[in-house]
Amino acid sequence: DAKTTQPTSMDCAEGRAANLPCNHSTISGNEYVYWYRQIHSQGPQYIIHGLKNNETNEMASLIITEDRKSSTLILPHATLRDTAVYYCIVRAPHGSGNTGKLIFGQGTTLQVKP
Amino acid sequence: DTEVTQTPKHLVMGMTNKKSLKCEQHMGHRAMYWYKQKAKKPPELMFVYSYEKLSINESVPSRFSPECPNSSLLNLHLHALQPEDSALYLCASQWGGSYRLDGYTFGSGTRLTVV
Numbered sequence: 001d002a003k004t005t006q007p008t009s010m011d012c013a014e015g016r017a018a019n020l021p022c023n024h025s026t027i028s029g030n031e032y033v034y035w036y037r038q039i040h041s042q043g044p045q046y047i048i049h050g051l052k053n054n055e056t057n058e059m060a061s062l063i064i065t066e067d068r069k070s071s072t073l074i075l076p077h078a079t080l081r082d083t084a085v086y087y088c089i090v091r092a093p094h095g096s097g098n099t100g101k102l103i104f105g106q107g108t109t110l111q112v113k114p
Numbered sequence: 001d002t003e004v005t006q007t008p009k010h011l012v013m014g015m016t017n018k019k020s021l022k023c024e025q026h027m028g029h030r031a032m033y034w035y036k037q038k039a040k041k042p043p044e045l046m047f048v049y050s051y052e053k054l055s056i057n058e059s060v061p062s063r064f065s066p067e068c069p070n071s072s073l074l075n076l077h078l079h080a081l082q083p084e085d086s087a088l089y090l091c092a093s094q095w096g097g098s099y100r101l102d103g104y105t106f107g108s109g110t111r112l113t114v115v
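Protein sequence lines, in the order shown, are assigned to chains Z and D. All the letters of the first sequence, read from the start, carry residue numbers 1 to 114 under my numbering. All the letters of the second sequence, read from the start, carry residue numbers 1 to 115 under my numbering.
Don't read these hints as lab results, they were simulated from the structure. What you are looking at is a predicted structure, and each value in this text was computed from that prediction instead of being measured. Glycine included, every Cβ here is placed at the ideal spot set by N, Cα and C. Please note: incorrect hints may appear among the correct ones.
[What the hints assert, rightly or not] List of simulated lysine-lysine pairs, BS3-like, C-alpha gap at most 27 Å:
1. D:Lys40 to Z:Lys113
2. D:Lys53 to Z:Lys113
3. Z:Lys3 to D:Lys19
4. Z:Lys101 to D:Lys40
5. Z:Lys101 to D:Lys22
6. D:Lys53 to D:Lys19
7. Z:Lys101 to D:Lys41
8. D:Lys38 to Z:Lys3
9. Z:Lys3 to D:Lys41
10. D:Lys19 to D:Lys38
11. Z:Lys113 to D:Lys19
12. D:Lys41 to Z:Lys69
13. Z:Lys101 to D:Lys38
14. D:Lys22 to Z:Lys113
[As the list claims (entries may be wrong)] Partial pick of chain D residues on the chain Z-facing surface, computed with a CB cut under 8 Å:
15. Ala39
16. Trp95
17. Gly96
18. Leu101
19. Gly103
20. Gly107
21. Ser108
22. Thr113
Could you build all of it, start to finish, from the sequences and the hints given here?
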């Protein structure tokens with residue numbers, strides 16, 4: 001599975017958009033980009049995933065560059081409750097020699113400030 | 001019901017004790033997972049069950065013994081643990097089998113302390 005690189009920490013003002021970058025320069029053609037977050041003392045929460053097209057759901061937007069070597073998770077209007085560790089994970093489908101495992105990296109600690 | 005329920009929430013056990021962690025979901029998910037998370041570290045995968053069969057064991061010591069008695073229930077049996085096994089143990093489930101690309105639903109975890 002390809003590795004990801006994320007900044008260790010970021011700050012964002014409440015009400016502003018939070019843009020969390022992720023570098024995955026060794027991503028393979030069949031690997032998807034996933035984002036999860038973990039609020040203190042809770043289990044991780046699935047946010048969004050995509051292959052090559054931009055994706056949007058009720059929580060966030062995922063922008064994947066055309067060469068797929070990096071992506072950005074966008075929280076459009078961050079609130080204090082969005083303070084969490086955000087994990088960017090690259091995962092291949094199970095099959096053809098891939099296990100489909102979801103492996104967490106170090107993540108980015110996002111602090112939303114009033 | 002859209003939750004993964006883990007019990008107990010907290011557990012303190014001695015190194016000679018035998019205890020079990022329980023994970024339950026009623027979403028019809030057919031893949032279930034155990035992760036271990038040490039303080040200030042990311043979760044680490046331990047076991048994967050797909051359609052009630054163990055499909056991945058990440059070289060976990062035998063003092064951890066998983067069991068999937070039915071499609072809704074996942075247990076982790078603990079025996080002769082060491083203090084370094086103290087951690088947050090997370091259970092997750094996924095719709096369909098482990099080959100699916102859907103997101104996982106995680107429980108809130110069991111915080112285990114071995115004394």
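For each hint given before, does the structure comply? Return the numbers of the non-compliant ones in rising order. 2, 3, 11, 14, 15, 16, 17, 22
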